[in-house]
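S.K.: What follows is each chain in one-letter form.
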Amino acid sequence: MKEKIRIASGQGFWGDLIDAPYHQVTKGDIDYLVMDYLAEVTMSILQKQKNRNPNLGYATDLIDLMKKILPITTKKGIKVITNGGGVNPIACADAILEAAMHLDIKKLDVAVVLGDDIKNCLDDIIQKGCELKNMETGEPITLVKDKLLSANVYFGAAPIVEALKRGADIVITGRVTDTGLTLAPMIYEFGWDMNDYDLMAAGTVAGHILECGAQSTGGNFLGDWESIENFTEIGFPIAEAYPNGEVIITKHENTGGKVSFDTIAEQLVYEIGDPAQYITPDCVADFTSIKLEDVGKDRVKVYNVKGKQETEFYKVSCSYSSGYSATGTLTYSWPQALTKAKKADRILRKRLEQLGLKFDEIRSEFVGYNATHENLAPELDEDKINEIVLRFSVRAKDRNTVNRFGQEIAPLILTGPPSVTGFAGGRPKPKDVVAYWPALIRKTMVEPKVKILELK
Amino acid sequence: MSKIQLRQIAHGRSGDKGDAANIGIIAYDRKGYEIIEKHLTAERVKKHFEGICHGKVERYELPNIRALNFILHNTLGGGGTVSLKHDAQGKTLAAALLRMEIEV
Numbered sequence: 082m083k084e085k086i087r088i089a090s091g092q093g094f095w096g097d098l099i100d101a102p103y104h105q106v107t108k109g110d111i112d113y114l115v116m117d118y119l120a121e122v123t124m125s126i127l128q129k130q131k132n133r134n135p136n137l138g139y140a141t142d143l144i145d146l147m148k149k150i151l152p153i154t155t156k157k158g159i160k161v162i163t164n165g166g167g168v169n170p171i172a173c174a175d176a177i178l179e180a181a182m183h184l185d186i187k188k189l190d191v192a193v194v195l196g197d198d199i200k201n202c203l204d205d206i207i208q209k210g211c212e213l214k215n216m217e218t219g220e221p222i223t224l225v226k227d228k229l230l231s232a233n234v235y236f237g238a239a240p241i242v243e244a245l246k247r248g249a250d251i252v253i254t255g256r257v258t259d260t261g262l263t264l265a266p267m268i269y270e271f272g273w274d275m276n277d278y279d280l281m282a283a284g285t286v287a288g289h290i291l292e293c294g295a296q297s298t299g300g301n302f303l304g305d306w307e308s309i310e311n312f313t314e315i316g317f318p319i320a321e322a323y324p325n326g327e328v329i330i331t332k333h334e335n336t337g338g339k340v341s342f343d344t345i346a347e348q349l350v351y352e353i354g355d356p357a358q359y360i361t362p363d364c365v366a367d368f369t370s371i372k373l374e375d376v377g378k379d380r381v382k383v384y385n386v387k388g389k390q391e392t393e394f395y396k397v398s399c400s401y402s403s404g405y406s407a408t409g410t411l412t413y414s415w416p417q418a419l420t421k422a423k424k425a426d427r428i429l430r431k432r433l434e435q436l437g438l439k440f441d442e443i444r445s446e447f448v449g450y451n452a453t454h455e456n457l458a459p460e461l462d463e464d465k466i467n468e469i470v471l472r473f474s475v476r477a478k479d480r481n482t483v484n485r486f487g488q489e490i491a492p493l494i495l496t497g498p499p500s501v502t503g504f505a506g507g508r509p510k511p512k513d514v515v516a517y518w519p520a521l522i523r524k525t526m527v528e529p530k531v532k533i534l535e536l537k
Numbered sequence: 011m012s013k014i015q016l017r018q019i020a021h022g023r024s025g026d027k028g029d030a031a032n033i034g035i036i037a038y039d040r041k042g043y044e045i046i047e048k049h050l051t052a053e054r055v056k057k058h059f060e061g062i063c064h065g066k067v068e069r070y071e072l073p074n075i076r077a078l079n080f081i082l083h084n085t086l087g088g089g090g091t092v093s094l095k096h097d098a099q100g101k102t103l104a105a106a107l108l109r110m111e112i113e114v
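So the protein sequences, as listed, match chains R and F. The opening position of the first sequence corresponds to residue 82 in the numbering used here, with each subsequent residue numbered one higher. The opening position of the second sequence corresponds to residue 11 in the numbering used here, with each subsequent residue numbered one higher.
Looking at chain F on its own, in the form it has when it is part of the complex (with noise of 0.2 Å):
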C-alpha cells in the first residue's frame, strides 16, 4: 500500500449549476482511470468536502475519455449572483479535490 495525491493520476475541471458544483476528474491513464473508477466513490467525495458541500454527492461514470463527473448539490452558497462566495462558481473545485490522498 502507498499514498498518493490525486493530483499525480488525474486533472479535471469545476463549474457550476445552479447551487450545485459540478467537478469532472479525468484520469491521466488508464491505470489511473481504474484507480479512481474503485477508490473516488461519493462517499469520499461527500465525506472531503465536509462543510463545503451541504447536500448530496452523485456521481457518473465517463470510462470513454477516463473520467467521472461529480454532482455536489447545496455546494455553491446559493449559486448565480446570490451566493457570497469569492468562488461562486466553482471553478477551482476541481484542484479542491485533487488534494485527495488515496491508498492504492
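So here's chain R without its partners, still in its complex pose (with noise of 0.2 Å):
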C-alpha cells in the first residue's frame, strides 16, 4: 500500500481555467487528476446537443487537454477521473482513445461509468412504484415528464473504485458525485472497507473541498482577501490523503492563492445544509466533527472527520423546459443616473402592458446601485455617482412573447431618458429556462456499470 496519495483538483466546473489541469500534472508529482464538470444545468445543455448529434453530450473542452496532458499523465503514471462524460461517456472514451492514438500512446485503459441516465427509462421506473417526486413540493414527476430534458442519477465513489480495480487509467463517468471523483482513489489505494464510515466521510469532505477548484486555494476568498498573493497564476488544491483518512491540503510550490485554515473553512461552508447531515451516496459525512489545523505554509491537516452509513437512496436530478427568459442592458451616465435609469423602467415597464404582453415575471435591477443586496444597498449620493445600468429581465411561457419583449430595449434610446448607451449585441434573445425536478430512488432500482475500452 501507499503510505500517501496526491489527488489534484483541475476543474471546479465546466468552464474554469482551461489551462489548470495542465498545471497541475506540470508543476509537482500529483497521483490522481479528478475534475468536476457537471452543474446541474450543464446536465440539460448536454442532453440537447446529444439529441442534435448522438456524438456529442460530453464536455468537449476535455478532449483538448486530453490531448495536451495525455503524453505527461502515462509517462508519470497520472490517473484521471472525470464526470466530463456528462451524458455521452462513451462517445467522449472514444474521443479521447481517438486522440490517444494520434499521439501514438500504445496503452491506455479508459473505464466509463454508465447508468446513471434513467431518462429513457423512466416509465419502468414509475410503473414499479417509484413515483420520483420533487424533494421540495411532493409532486409526483408525471406532472412534467413530457417537458424533460434529461434525468441522472448521482452515483457515488463506488462504480469509479470498480473501473479503478480493472486497470483504468482513465476514468470518464456520467452523473457521479463530485465528493465521490475524490473519495474512489482513496478507498482503492487503500483498500478502505466501504462500510467504515468516518473513511468514507474523511474521503468524502476532502471531496468536498476540493470540488470548486481553487475556491479552497484563495479564491472568491471574503476574508483577507487583499493579502491572497499572484491570483495571475493561482495554484488549485491537492488532496494529500494517508491511509488513516487524515488529509493535508495544498498545493504546487511556486503557485498563486493561499491555503490555510480561513480558505479551507470558507469551502467547507459552501453549499451545505444541516452540516451534520452531508448526505452522499457513500456516508452521511459529520461536517462539524471536522478538526482543521494549518501545519505549515499553504498546508492545511483535515482530520477526526466522522461519518454515519449512507441512506438507502441516490438523488436523481431531473431538469425540464420551463419557458423562456431574456435580459437587455442600458447604461445611463451623470447627471442623475439612476433617476433616468428608473425612468427608463417605468416607460418600459407601461410599454409592455400597454402591448397586452403576458409574463410570468419581470425583474428590474440597478447595477451600481442595488443589483447585489437589493434592499440593503445604502442610499446613494446620486452626484457622486457615474453611471447605473438598467438591467432589466422577463420571463413567460411563451417565446414570442419573450422575443416581443427584446424589440422594445433599443428604442428606449431614442424616446425616453438622455444620456444613455450601451446597447451593444442586438437584440437580447430569448433563452430556454430550465428547472429542475430533484428527487430520490431506491438505490436497488437503479446499477451503475463500468465497461473498459482499450485502444484499438
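Because the hints were derived from the structure by calculation, they are not lab data. Check each hint, because a few of them may be wrong.
Stated by the list, open to error - In silico lysine to any residue, SDA-like type, Cα no more than 20 Å apart, as pairs:
1. F/K66 with R/G219
2. F/K57 with R/T453
3. R/K149 with R/E179
4. F/K27 with R/Y401
5. R/K478 with F/K66
6. R/K530 with R/D190
7. R/K512 with R/E489
8. R/K439 with F/G88
Once you've looked at the hints, go ahead and assemble the two chains, each given alone in its own frame, into the complex.
M.R.: Here it is in C-alpha cells:
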C-alpha cells in the first residue's frame, strides 16, 4: 500500500481555467487528477447537444485538454478521473482514445461509468412504484414528464473504485457526485472498507474541499482577500491523503493563492445544508466533527472526520424546460444616472403592459446601486455616481412574448431619458429556462455499469 | 455596549441550493464565534434579509470551525436558470450579511 497519495483538482466547473489541469500535472508530483465538469444546468445543455448529434453530450473541452496532458499523464502514471462524460461517456471515451492514437500512445485503458442516465427508463421506474416525487414540493414527476430534458442519478465512489480495480488509467463518468471523484482513489489505493463510514466521510470532506477548484486556495475568498498573492497563477488544490483518513490540503509550490484554515473553512461551508448530515451515496458525513489545523505554509491538515451509514437512496436530478427568459441592459450616465434609469424602467414596463404581453415575471435591477444586496444597499448620493446600468429581465411560457420584449429595449435610446448608451450585441434573444426536479430513488432500482475501452 | 459590523469579526461564503441560499459565516477567532453564536440568530438573519428572503431561515452551528451556516429558503427568485436575478446563485449574500451591525 502507498503511504500517501496526492489527488489534484483540475476544474471547479465546466468553464474553469482551461490550463489548470495542465499545471496540476506539470508543476509537481500528483497521483490522480480529478475534474468536476457537471453543474445541474450542464446536464440539460449536454442532453440537448446529444439530441442534435448522438456523438456529442459530453464536455468537449476535455478532449483538447487530454490531447495536451495525455503524454504527461501516461509517462508519469497519473490517473485521471472526471465526470466530464456528461450524458455520453462512451462518445467521450472514444474521442479520448482517438486522441491517444494520434499521440502514438501505446497503452491506455479508459473506463466509462454508465447507468446514471434514467431518462429513457422512467416509465419502467414509475411503473415499479417510484414516483420520483419532487423533494421540495412532493409532487410526482408525471406532472412534468413531457417537458423533461434530462434525468440522472448521482452515483458515488463505488463504480469509480471498480474501474480503478479493473486497471483503468482514465475514468470517464456521467453524473457522479463531485465528492465521489476524490474519495474513490483513496478507497482503491488504501483498500478502505466502504462500510468504514469515518473513512468514507474523510474522503468525502476532501472531495468537498476540492470540488470547486481554486475556491479552497484563495479564490473567491471573502476573508482578507487582499492578502492573497498572485491570483494570476493561482494554484488549484491538492489533497494529500493518508491511509488513516487524514488529509493535508495543499497546492503546488510556486503557484499563487493560499491554503489556510480560513480559506478551507470558507469552502467547507459552501453550499451545504445541515452540516451534521452531509448526504452522499457513500456516507452521511458530519461536518461538525472536522478538525482543521495549519501545519505549514499552504498546508492544512483535515482530520477527525466522522461519518454514518449512507442512506438507501440515490439523489436524482431531473431538468425540464419551463419557458423562456431574456435580459436587456442600458447604461445611463451622470447627471441623475439612477433617476434616468428608474424613469426608463417605468416607461418600459408601461409599454409592455400596453402591448398586452403576459409575463410570469418582470424584474429590473440597477447595477451600480442595488443589483446585489437589493434593499440592503445604502442610499446613494446621485451626484457622486457616474453611471447606472438598468438590467431588465422577463420570463414567460411563450417564446414570442419574450422575443417581443427584446424589441422594446433599443427604442428607449431615442424615445426615453438622455445620456444612455451600452446597447451592443443586438436585441436580447429568448433563452430556454431550465427548471430542476430533485428526487430520490431507491438504490436497488438502478445499477452503475463499468465498461473498459482499450486502444485498438 | 459598542456597535460593530459583522465584517470586523467574521468572513464567509454563500451559494445556492435550488431556490434556497446558503450563507456560511466564519468568525476569525473564538471570541468572535461566541459573539456570532449569541447574536446572529436565525430571526435576526431573517429580519436582515426582509424583502429578499421570502421563506424561513434555518441556522446550524459548526463550533469546530467557528462557523454558522444559514439556509435562507425562497430567496433566489426560483433558483437555477429560472431566476431573473443578477445574483441568481446568491454569491454576494455572504457579503450582504456581513453588513449587519451588532451591539456587543
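S.K.: It remains to establish, for every hint, whether it holds in the given structure.
M.R.: Okay, the hints, checked on the actual structure:
1. F/K66 with R/G219: Holds, at roughly 18 Å.
2. F/K57 with R/T453: At roughly 17 Å apart (the allowed maximum being 20 Å), R/T453 and F/K57 satisfy the hint.
3. R/K149 with R/E179: Roughly 13 Å separates the two Cα atoms, so the pair holds.
4. F/K27 with R/Y401: Within the cut-off at roughly 17 Å; holds.
5. R/K478 with F/K66: Roughly 28 Å separates the two Cα atoms, so the pair is violated.
6. R/K530 with R/D190: Given pair R/K530, R/D190 holds - Cα atoms ~16 Å apart, limit 20 Å.
7. R/K512 with R/E489: holds (17 Å)
8. R/K439 with F/G88: Between R/K439 and F/G88 the Cα gap is close to 18 Å, so the pair holds against 20 Å.
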